[in-house]
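Colleague: One letter stands for each residue in the lines below.
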Amino acid sequence: MPTALLTILPQILQGIQIAINAAPTVASLVNTAKAWFDALFEGGLVTVEQQAALHQYVDGVVALAKSGVIPPHWQVESDPATPAVTPAPSK
Amino acid sequence: MVALLITACKTPKLAPGGAYTGSVTNMVGTNLVITATSDLALYSADSSFALAYKTLDAIFLTERNNRDYFWKVSPQIKHTLDKVRAQAQKVVSDYAAARTAYIANPTPAGLTGVQSVLAQIQQLVFVGNAVLGQIISTNAPSITN
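Protein sequence lines, in the order shown, are assigned to chains A and B. Counting along the first sequence from 1, when you hit position 71 you're at 71 in this note's numbering, and nothing is skipped either side. Counting along the second sequence from 1, when you hit position 52 you're at 143 in this note's numbering, and nothing is skipped either side.
Treat the hints as calculated values from the structure; they're not laboratory data. Keep in mind the model is a prediction, meaning the values are calculated, not measured. Heads up, some of the hints might be wrong.
[Unchecked claim] Listed below are the simulated DSS-like cross-link pairs for lysine-lysine, each with C-alpha atoms no more than 25 angstroms apart in a straight line:
#1 B/174 with B/163
#2 A/66 with B/145
#3 B/169 with B/145
#4 A/66 with B/181
#5 A/66 with B/174
#6 B/169 with B/181
Same shape as in the complex, but just chain B (with noise of 0.2 angstroms):
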């Protein structure tokens, strides 16, 4: 246990030249001085941006291609995951913008704003995860998946 959370403490690196890594370039002295710089934050952003999007995508997709099955158990459901899918549609919209401004323009602000709207589509998938997880487990309790 021990272990794990030293491994999981350490911090990881993003090799240079990648999609999240950049150079800023400086005048010292009469030298031109290249230094490397990474943008760990919004990499950690994205990931957890993507995985929530992905789950609420995986949510959608179950209850549109169930959709009279999750009808007949309660139609609460859908009703419940269109208000969230509503919600999400301004989310990703909100992220897309605060993302595009925090790469124009990088600052502790610009990244405050990414982590906020993420905090906001990280609730809706928690929702979305309670009612379809409710509902299979509530109806099917050998289903494990």
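Here chain A stands alone, though its shape is the one from the complex (with noise of 0.2 angstroms):
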């Protein structure tokens, strides 16, 4: 097998394995979109219970926005510790 990929591959793999971690996430978010969009795009009625859930989940954000609270991965935080840079041996 080549060096190169040999490099590189476990950095794939490490992708790889965040993209399945990053899946529930991704899915929960295109569940809850397709709920609010579809009766949009289906030119059908939004129920009552899409609306009071639409508006119950930005009253939320919004009452979060208004208290000052930012959740932990919203805030910028230092940077990760940069491994010191060892001088190459003098020849």
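Taking the hints as your guide, dock the two standalone chains into a single complex.
Modeller: Take a look at the structure:
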């Protein structure tokens, strides 16, 4: 196996693992969005329950914003420690 | 395709009695007339806002949960998303203020304000998607999600 591939393989596998871990979040996002937009694009009736679910969700976000509470992953955090650069050995 | 377009262009209706519907009472002659009203524009704006918010939330969470990996790929990922984070907090607050003002006094100008803020958060989603999407497609071509 080429050395370059061996070097990048762990990164690729880690990338795949990240995608797998993120899948439930993405699936939840898609399902929620589908429920909200179905009514709009099907040209049907947006039920009282659908209206309540959306209104409550946005009300929650609005309340959170007004309270000044910022979720940890929305905050700007310090950069990860960069490994110290080891000086090249003198020849 | 034509059927799809026709279906997509139909105007939806909000069921009476929902969170985005209300009623207006007017005197017509000697009679009280109650007219049902619906705010489809706010429903559409809230739908788009909620989707944009959830997308940004997923992007920020994915980056934070995998920060070491993304940092190794390129520190620029975190730096760019940090700029998006800072702007996103402000835009969400702006949307909250514009929406609250519009609900208190639903005027066309107020709705324009809501939609204007909405466009800003959608722009942030575009940037966030571009950053993570580009990195994932560059480093792991087999990932389809």
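Colleague: All hints are to be evaluated individually against the structure, with a verdict given for each.
Modeller: Hints and how they fare:
Using a Cα cut-off of 25 angstroms, the hinted pair residue 174 of chain B and residue 163 of chain B holds, with the two alpha carbons roughly 19 angstroms apart. The suggested pairing of residue 66 of chain A with residue 145 of chain B holds, with an alpha-carbon distance near 18 angstroms, which does not exceed 25 angstroms. Among the hinted pairs, residue 169 of chain B with residue 145 of chain B is consistent with the structure: their alpha-carbon atoms are about 19 angstroms apart, no more than 25 angstroms. With a C-alpha separation of about 11 angstroms, the suggested pairing of residue 66 of chain A with residue 181 of chain B holds against the 25 angstroms cut-off.
With a C-alpha separation of about 21 angstroms, the suggested pair residue 66 of chain A and residue 174 of chain B falls inside the 25 angstroms cut-off, and the hint holds. Simply put, residue 169 of chain B and residue 181 of chain B have alpha-carbon atoms about 18 angstroms apart, close enough for the 25 angstroms limit, and the pair holds.
The structure is consistent with each of the numbered hints, conforming to all of them.
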